[in-house]
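**Q** Sequence:
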Amino acid sequence: MFAKDIYKESINVKATDKNQLFVMRFVIVLIGVATLFIVTNNKDSMILDWGFLSMVFRAVPIFVPTVFALFFKNKIHKDAGLYSILSGTAASIIWISLGFDSVSSIYVGIAFNIVVILSVSKYKNKICNKNDIKSK
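Residue numbers (the working numbering): 1 to 136.
One or more of the hints may lead you astray.
[Claimed, not checked] Below, simulated DSBU-like cross-link-like pairs (lysine-lysine); rule was C-alpha separation at most 35 angstroms, straight line: (1) Lys4 / Lys14; (2) Lys126 / Lys78; (3) Lys126 / Lys75; (4) Lys73 / Lys126; (5) Lys78 / Lys122; (6) Lys18 / Lys8; (7) Lys4 / Lys18; (8) Lys14 / Lys73; (9) Lys124 / Lys78; (10) Lys122 / Lys73; (11) Lys75 / Lys124; (12) Lys122 / Lys75.
Hints listed in this document are in silico derivations from the structure and should not be mistaken for laboratory results.
Build the full structure now, drawing on both the sequences and the hints.
**A** See the structure below:
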């Protein structure tokens, strides 16, 4: 948005696509460095705790099922995705509720997602294959 709406419209009207791409990349790096600075200087901030907690509800449920659906579409059973979404989130919430701080609840939820999606897919695909053999 910055490169097209502000930079090209107000700062450099004759900016080429290459210039806009450079500005866009520069702004992304600048925001990343600013974020790193803010986070490292506010380690004990309550807002960081809430930010990590929000990742439990935004990243944990979606990441693993989406990656597996994109790259292993024919090997993952559709029910496994749903169970993975529910169980990964539940595992993260339980981890937080029990007060374990040594390992982030995000990693626990993602690990649980992987275990559930693989095991449920293996089980469901095994049942489907048995039913296919019986019907032939």
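**Q** Does each hint fit the structure? Answer for all of them.
**A** To see whether the hints hold, each was checked on the structure:
About 11 angstroms separates the Cα atoms of Lys4 and Lys14, which keeps this hinted pair within 35 angstroms; it holds. Taking the CA atoms of Lys126 and Lys78, the gap is about 14 angstroms. The hint holds against a cut of 35 angstroms. Between Lys126 and Lys75 the CA atoms are separated by roughly 11 angstroms; this keeps the pair inside 35 angstroms, and the hint holds. Only pairs whose Cα atoms come within 35 angstroms are accepted, and Lys73 paired with Lys126 is accepted, the gap being roughly 16 angstroms.
A C-alpha spacing of about 12 angstroms is found between Lys78 and Lys122, which places the hinted pair at or below 35 angstroms, so the restraint holds. In summary, the hint linking Lys18 to Lys8 is supported, as the alpha carbons are separated by about 12 angstroms, within the 35 angstroms threshold. Our distance criterion of 35 angstroms between C-alpha atoms is met by Lys4 and Lys18, whose separation comes to about 12 angstroms. A distance of roughly 45 angstroms separates the Cα atoms of Lys14 and Lys73; the hinted pair therefore is violated under the 35 angstroms criterion.
Between Lys124 and Lys78 the CA atoms are separated by roughly 9 angstroms; this keeps the pair inside 35 angstroms, and the hint holds. Taken as a hint, the Lys122 and Lys73 pair is honoured in the structure, with Cα atoms around 13 angstroms apart against an allowance of 35 angstroms. A threshold of 35 angstroms between alpha carbons decides the hint, and for Lys75 with Lys124 the separation of about 10 angstroms falls inside it, so the pair holds. For the hint pairing Lys122 with Lys75, the CA-to-CA distance comes to about 8 angstroms; that is within 35 angstroms, so the pair holds.
Hint 8 alone, counting from the list given before, is not met by this structure.
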